[in-house]
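**Student:** Go ahead and model the full structure; you've got the sequences and the hints to work with.
Heads up: the sequence lines are chains A and B, in that order. Note that numbering that gives the first Met the number 0 has the first sequence beginning at 0, numbered continuously upward. Note that numbering that gives the first Met the number 0 has the second sequence beginning at 0, numbered continuously upward.
Mixed in with the good hints there might be a few duds.
Unchecked claim - Calculated cross-link-like contacts (lysine-lysine; reagent style DSSO-like; alpha-carbon spacing at most 27 Å): (1) K48(B) - K326(A); (2) K326(B) - K128(A); (3) K40(B) - K48(A); (4) K181(B) - K295(A); (5) K211(B) - K245(B); (6) K181(A) - K296(B); (7) K40(A) - K326(B); (8) K326(A) - K128(B); (9) K40(B) - K40(A); (10) K229(A) - K243(A); (11) K326(A) - K40(B); (12) K80(A) - K326(B); (13) K295(B) - K80(A).
As the list claims (entries may be wrong) - One-sided excerpt, in silico: chain B residues whose CB lies under 10 Å from chain A: (14) G37; (15) G41; (16) P67; (17) G68; (18) I71; (19) N299; (20) I338.
In short, the hints are calculated from the structure, not lab data. Don't be surprised by glycine CBs; every beta carbon is placed ideally from N, CA and C.
There are 2 protein chains.
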Amino acid sequence: MNFELQYNDTKSNARAGLITTDHGVIETPIFMPVGTQGTVKGVHMTELKEDVNAQIILGNTYHLYLRPGIHILEQAGGLHKFNSWDRPILTDSGGFQVFSLSDNRKLHEEGAEFRSHIDGSRHMFSPEKVMDIQRSIGADIIMAFDECCPGDANYEYARKSLELTERWLNRCFERFNSTDPKYGYSQCLFPIVQGCVYTDLRRRAAENIAQKGADGNAIGGLAVGEPTEKMYEMIEVVNEILPKDKPRYLMGVGTPVNILEAIERGVDMFDCIMPTRNGRNGQIFTRFGTLNMRNKKWENDFSPIDPDANSYVDTLYSRAYLHHLIKVNELLGLQIASIHNLAFYIWLVKEARKHIISGDFTTWKSGMVRQLSNRL
Amino acid sequence: MNFELQYNDTKSNARAGLITTDHGVIETPIFMPVGTQGTVKGVHMTELKEDVNAQIILGNTYHLYLRPGIHILEQAGGLHKFNSWDRPILTDSGGFQVFSLSDNRKLHEEGAEFRSHIDGSRHMFSPEKVMDIQRSIGADIIMAFDECCPGDANYEYARKSLELTERWLNRCFERFNSTDPKYGYSQCLFPIVQGCVYTDLRRRAAENIAQKGADGNAIGGLAVGEPTEKMYEMIEVVNEILPKDKPRYLMGVGTPVNILEAIERGVDMFDCIMPTRNGRNGQIFTRFGTLNMRNKKWENDFSPIDPDANSYVDTLYSRAYLHHLIKVNELLGLQIASIHNLAFYIWLVKEARKHIISGDFTTWKSGMVRQLSNRL
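**Tutor:** Quick look at the structure:
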């Protein structure tokens, strides 16, 4: 993987760059649709490419390890072959999912023992095992295995958690560096800055990670319950330290406004289930604000879903029709909302990139943040 | 609407024809995907056109009357405008749905009183009202309101039911003929032959309907619990009497084999929820038989879903991937299976048409019936 930093905004820390992987290039800032179980819910691979314009998607180690299972993915020749997505893939390490199974997992120095949410079977994730699994999944970008500390953890808990995460990170790198990719294309490992909402922990974590010389670096453990302003503050603290010549990935964030604020603070990569999950619940994001499609006011609005038309669904279908589909719980409603929202998110980061390049990012961003907060 | 009978098979009663409506032409024999609530479940309108190659789809009067409601469809300018499907639409009259609400409906000479399955609200469908509703929905082909008699009804029940259906049919025609289409294109009314499994009732019903001079005629009340051979026998009885120069529509049927048998007996039009509903349950129809995608045997079969490739999903995705999606209950699994099965059904009737035209329909059909019965 290679990262070329192409433009630095002069009035903020926003940047535009180009990531090159063996499965193609990614223009940053970028939003990555989440394909937890090897599929972005409700969206065909062809639609992801042609209608959503996704340049990279996510997979999830925890879910893919359980189903279809690593033996199947290895036989397939990796996830790209299995799900027919031939552009870049990033896999989350499963740390977040394992730690979400609060009653069903135990944490040791060695790793995390957990029970499957599907059949209760026992499993163990160690840093080494998670590296091996991600080698087998075959993502272009793989993530370190860490403890994702709750947003409201006290300092002592957060410090101990970070220390464990740092010891695990060393083991991740050791395993990663002593193993080869399985399918003939290269993979890279991103470490994850933890440290909860404590400035000194975040700084220490970022400094530790900065000297690892990784191909890219992630910021984790944010948007997990802490105040939004705290999140922005932590991003600033961390991005002062993380190398400027490597991409920075803010994990699991967020609303369109969160994304613009983070871009302004020097983040390059994003993923979030919000566009698909909220879409399935009837929330539609547009440049002029959000629409709750369940609202009766749309029942006879026969205008296009979004006149901006970032994807064909926006003008093919009307708001009244989408309202009907969502209200009667039809699959097509979920499909339309997912395509629309993903295409909107990707339009938004592409637009941010354009304005970074043209030099008016901060002005554009202020206007957008105001608009995006509207409820239509 | 106009029907041109283009070819008669010399060795059977199979026919090939051309239906012309104001929304385009339909080559028969044809299979019509079911869009109960104004959407074919899990399939975009673009996919229906380009990937499934649907020439006409169904809507359901009962469901559309309840949601979104006729006032919305009228404001939209009809169902075509509402759901963006600009090819022909046929609406089922809702008779079948109302009579399925066994505990929640009462039958009178005037019509059927029923309670909504959604909110328990009271409604009344009379032949006149159902004609008016279908005028408002704006389907190209609308269906008579009838009582759909259970497949195991005794003779006395079936006879009385048929008599009511015949009186209602007169009222349907009266109302239909005294009203105009609402949206500037023409609509036509198909009467429905009932009579359960009783030859003399079916014959009487067909004779009554034959002299109505309708643009097309339907056979209803089959595949509702009676033996399959009985169904074929009833089709033969009825098709001896129904006009040869008008299309014949067998309602709600059926498996691929049922369809070929009915084509051989002179049926031109079909609809069925089987390709979409069974698809959502993991059943895939192919030329070589059916596949149960839940079966573990597919978990590492990385070959295309169907090498015949009647639609792009067949070769883009593998059996192993579809198995995974269906097993983990992912939306994309339902979407792929629905597109595949619909494209297969439409390929099948198109192929039947080709063989009717080329004169080897019966030979081809015998081979297909054997293959289609396989379980792969």
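**Student:** Quick check: which numbered hints come out false for this structure?
**Tutor:** none
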